[in-house]
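*Asks:* Since the structure of chain A is provided, determine the placement of chains B and C on it from the hints.
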Amino acid sequence: MDTHDAPSDARPVLEGPDIARVLTRIAHEIVERAKGADDVVLLGIPTRGVFLARRIADKLEQITERKVPCGSLDITMYRDDLRMHPPRALARTEIPGDGIDGKLVVLVDDVLFSGRTIRAALDALNDIGRPRAVQLAVLVDRGHRELPIRADYVGKNLPTSLRETVKVQLAEEDGRDTVLLGAKPDAQ
Amino acid sequence: MQRHLISAADLTRDDAVLILDTAEEMARVADRPIKKLPTLRGRTIVNLFFEDSTRTRISFEAAEKRLSADVINFTAKGSSVSKGESLKDTAQTLEAMGVDAVVIRHGASGAPYRLANSGWIDAVVVNAGDGTHQHPTQALLDAFTMRRRLIGPDAGLGQDLDGRRITIVGDVLHSRVARSNVDLLHTLGAEVTLVAPPTLLPVGVEAWPCEVSYDLDSTLTKSDAVMMLRVQRERMNAAFFPTEREYSRRYGLDGDRMARMPEHAVVMHPGPMVRGMEITAEVADSDRCTVVEQVANGVSIRMAVLYLLLGGNEPAVTHPRTEEK
Amino acid sequence: MSKTLIRGAKVLGGEPQDVLIDGGTIAEVGAGLSAEGAEVVEADGKVLLPGLVDLHTHLREPGREDSETVLTGTRAAASGGYTTVFAMANTFPVADTAGVVEQVWRLGKEHGYCDVQPIGAVTVGLDGRKLAELGAMHESAAGVTVFSDDGKCVHDAVIMRRALEYVKAFGGVIAQHAQEPRLTEGAQMNEGIVSAELGLGGWPAVAEESIIARDVLLAEHVGSRVHICHLSTAGSVEIVRWAKSRGIAVTAEVTPHHLLLTDELVRTYNPVYKVNPPLRTERDVMALREALADGTIDIVATDHAPHPHEDKDCEWAAAAMGMVGLETALSVVQETMVDTGLLDWAGVADRMSVKPAQIGQATGHGRPVSAGEPANLTLVDTAYRGLVEPAGFASRSRNTPYEGRELPGRVTHTWLRGKATLVDGKLT
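Chains as they are written, first to last, in the working numbering: chain A, 15 to 202; chain B, 758 to 1082; chain C, 4 to 431.
Isolated chain A (complex conformation) (with noise of 0.2 Å):
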């Protein structure tokens, strides 16, 4: 997982009115897409997941002007490389109150790489209900798919190099909102 300490030589490659406009969108195509958004809840994965996802549904609440269920989804538990860590402190899983049976997931997190954290949450989901459908809204995606998992809603598509990271920062954790590219510690 990247880290969240931006590299010394990290350029932007989106900043604070960016990423405001994209989620923007991604509310607005939500709202396309499911024909309303009705039945919409949105699950972050934290950390980060977990703001973008609240940012989302204000978004979602401005445009249809109706409150749309927001939680967190941790999936620590359901990862598939516990065992080549020291286990890690849980998050947070807060699903709202009329549950997620179904309804349209739309899984949050800030950046789409292996894809392994999506399957993760996969798994966490199916142990908690058994939603219409699943959707996933990511703010970077910036390639190398191990598993076969596509984004329903991108924010920026970020073609990257394995040797590099990509840092996400918002207001709400890191008090900036930015997305920073820059050269992984150990390829430098």
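Watch out, some of these pointers could steer you wrong.
Said to hold, decoys possible - If we take Cβ atoms under 8 Å as the criterion, some of the chain B residues that face chain A in the derived model are:
id, residue
1, Leu775
2, Thr779
3, Glu782
4, Arg785
5, Ala787
6, Lys793
7, Pro795
8, Thr796
9, Val1031
10, Met1034
11, Tyr1064
12, Leu1065
13, Gly1068
14, Gly1069
15, Asn1070
16, Glu1071
Said to hold, decoys possible - Ranges between beta-carbon positions, derived for each pair:
id, chain 1, residue 1, chain 2, residue 2, range
17, C, Arg249, B, Gly920, 49 to 59 Å
18, A, Arg97, B, Ile815, 26 to 36 Å
19, C, Glu188, B, Pro999, 14 to 24 Å
20, C, Leu220, B, Arg1045, 50 to 60 Å
21, A, Gln76, B, Arg1045, 43 to 53 Å
22, C, Arg132, B, Ala1016, 52 to 62 Å
23, B, Leu914, A, Gly30, 22 to 32 Å
24, A, Asn140, B, Leu914, 22 to 32 Å
25, A, Leu136, B, Leu914, 20 to 30 Å
26, B, Arg798, A, Glu46, 31 to 41 Å
27, B, Arg812, A, Glu46, 48 to 58 Å
Hints listed in this document are in silico derivations from the structure and should not be mistaken for laboratory results.
Positions of the beta carbon are idealized from the N, C-alpha and C atoms, including for glycine.
*Replies:* Below, chains B and C alone, put in the same frame as chain A:
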């Protein structure tokens, strides 16, 4: 870095808070339609019980199964320390079957420590109660219960029990629960007072990080939680106290005494309760008594401990105690 | 018989001298002795002591030959510098008849590594109820003079009184294992701060001290003498000191392990530290050292207690009590008493040879290193320091608490009536 959970005294404050926080997330799994996580899939855990304890065993078993571990129950009934019964041989036999962790309950104090430190086996060892020594998961679930009741499930995240006043009443001498709780609660910043007749306090208790009192009434009014320990009737025959009636009168918790506790204070009991001895039915069945919650919390705590010890390539819990050479 | 010249040995730690052994006797002690016709041992500044005498050894034969036999136990004794061991009575069958004590005595004689003086049981089967035939054991070929139920306490005050009285008839002595049984039910280790924390049954000091207090008063009352086995507490020292000041005929022993080890070691739950009486506190250790130095405690005795590996390779509560000690005793005494300045080598000879031989009436042992005396001798390389390696023990058992510990001193030679039983650290 040790890989086992043998004593509550081995846990640092940060370790303990991490376990409590993890348990808080585990508790939420119990509210889901599918109360199961794939986390320990393919790991085998044996519950090696040399002492009868259905409660503790099924609590561990529920925790193990919720984490998708393969569970083997091994109950060596009544063979506590009898000659010819070798803990080493039993453990090695089980390990040969590919066991990743051993949850052990044993009548001999120190048996889990021996199992973890003698080079007999490589598996992770979790102490589920040894003799009159330690019962660390019990102390953790008690601290978890206190944090939830006194601070709140969400408000408690990341918090310890700094400044909370906890009174533990009863047969401290024979209680691994008391030892574990004194160690852990002290680590978490709580102020612990032990209350018991002098016969049921160990010589050497003066070195424990707690206060000692022989008088229940004077400590009740300043307690945030009162933990009643089970007092076995057999103790009477060994002259630890004269009669059941006298014990109840001096050290039992009844409705009158409970009424003198602060309004927010809770009554705890590790179970099984001896109603009419250390606790009256009125108190045991009241809203302030957390016995049933403690049972539910036990599963969450044991899930957290097993996840943190077995969920990665190395344990997330550090231990200061040095290993035996 | 052959002659041996020990050249340049510090006799009792004094100035280097030569000692000539002729047959079973010391022929001459002095400077520049002639080596003609003698095998020469270059002592090169090593310390020469009278052969050590252990008043408290468990040889396990008959009955527990899996842990020790008279042969392996006496070989261990010779390795440790001993020329006499007193074999405790808690064998299977118990040494409570003339037959059993004669068997043990004869086995010792046959093997020839060390004199074996059997100790007789005080009560039949060590059960504390009925006096064993003390007189018969005394009159047997083994000539028993020391009686003990060691491992168990003669707890009944009347039985103890009778035993003390009865042995006066032939100058015997009762060696008491002081342990009040009711106060030590379920006891696993010294009662105190460590036991409270570890949750192991406490073994209070008072369980030892109350029996010692009773028995010195009984000895005074009946005008007999009493020997106290393995003193382990500061309080016991005080009682013995008081009794001696009153002129009561009491003698006392301390084990090497109680001079060095404390109950802090039990924190490892390693049963190699499980012993009866239990390891006590630092304060007790210091009091015992001081008492051994000032003569309140008369002797060091090993309480050599061999156990097979499986009896220690288990959980604490299931483990057997006891430690082997014959092969490390002198090193531990050097570490705790000599290197600390509490005792000189003459003092060591007194506490480990002269006095134990006197208490046990082991004739020919514990004698001065001078011409005309039996050549029971031990040569010690006191400058040596090394790690204790149980694999090299002559004892059949390895349950030493000192494995891997660095200790000073090494016995290089032992002579039993002029015959070398240990040469350059190797048994003959």
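*Asks:* With reference to the structure, classify each hint as holding or not holding.
*Replies:* Do the hints match the structure? See the list:
1. Leu775: With Cβ-Cβ at 7 Å, under 8 Å, it holds.
2. Thr779: Given a least distance of 5 Å, the restraint on Thr779 (chain B) holds.
3. Glu782: OK, holds: Glu782 (chain B) within 8 Å of chain A, min 4 Å.
4. Arg785: holds (6 Å)
5. Ala787: Violated, because the Cβ-Cβ distance from Ala787 (chain B) to chain A comes to roughly 12 Å (cut-off 8 Å).
6. Lys793: holds (6 Å)
7. Pro795: OK, holds: Pro795 (chain B) within 8 Å of chain A, min 6 Å.
8. Thr796: holds (4 Å)
9. Val1031: violated (37 Å)
10. Met1034: For Met1034 (chain B), the interface hint is violated, since the closest Cβ of chain A sits about 40 Å away, which is over 8 Å.
11. Tyr1064: holds (6 Å)
12. Leu1065: holds (5 Å)
13. Gly1068: At about 4 Å, which falls below the 8 Å cut-off, the nearest Cβ of chain A leaves the hint on Gly1068 (chain B) intact, so it holds.
14. Gly1069: holds (4 Å)
15. Asn1070: Since chain A brings a Cβ to about 5 Å from Asn1070 (chain B), closer than 8 Å, the hint holds.
16. Glu1071: At about 5 Å, which falls below the 8 Å cut-off, the nearest Cβ of chain A leaves the hint on Glu1071 (chain B) intact, so it holds.
17. C:Arg249 / B:Gly920: 49 to 59 Å: About 57 Å separates the Cβ atoms of Arg249 (chain C) and Gly920 (chain B), which means 49 to 59 Å holds.
18. A:Arg97 / B:Ile815: 26 to 36 Å: Between Arg97 (chain A) and Ile815 (chain B), where Cβ atoms are some 27 Å apart, the hint holds.
19. C:Glu188 / B:Pro999: 14 to 24 Å: Holds - the Cβ-Cβ distance for Glu188 (chain C) and Pro999 (chain B), about 20 Å, lies within 14 to 24 Å.
20. C:Leu220 / B:Arg1045: 50 to 60 Å: holds (57 Å)
21. A:Gln76 / B:Arg1045: 43 to 53 Å: For Arg1045 (chain B) against Gln76 (chain A), whose Cβ atoms are near 47 Å apart, the range 43 to 53 Å holds.
22. C:Arg132 / B:Ala1016: 52 to 62 Å: Taking Cβ atoms as reference, Arg132 (chain C) and Ala1016 (chain B) lie about 57 Å apart, which means the hint holds.
23. B:Leu914 / A:Gly30: 22 to 32 Å: holds (30 Å)
24. A:Asn140 / B:Leu914: 22 to 32 Å: Given about 27 Å between the Cβ atoms, the range holds.
25. A:Leu136 / B:Leu914: 20 to 30 Å: With Cβ atoms ~27 Å apart, the hint holds.
26. B:Arg798 / A:Glu46: 31 to 41 Å: holds (40 Å)
27. B:Arg812 / A:Glu46: 48 to 58 Å: holds (56 Å)
Hint compliance for this structure: hints 5, 9, 10 are broken, all remaining hints hold.
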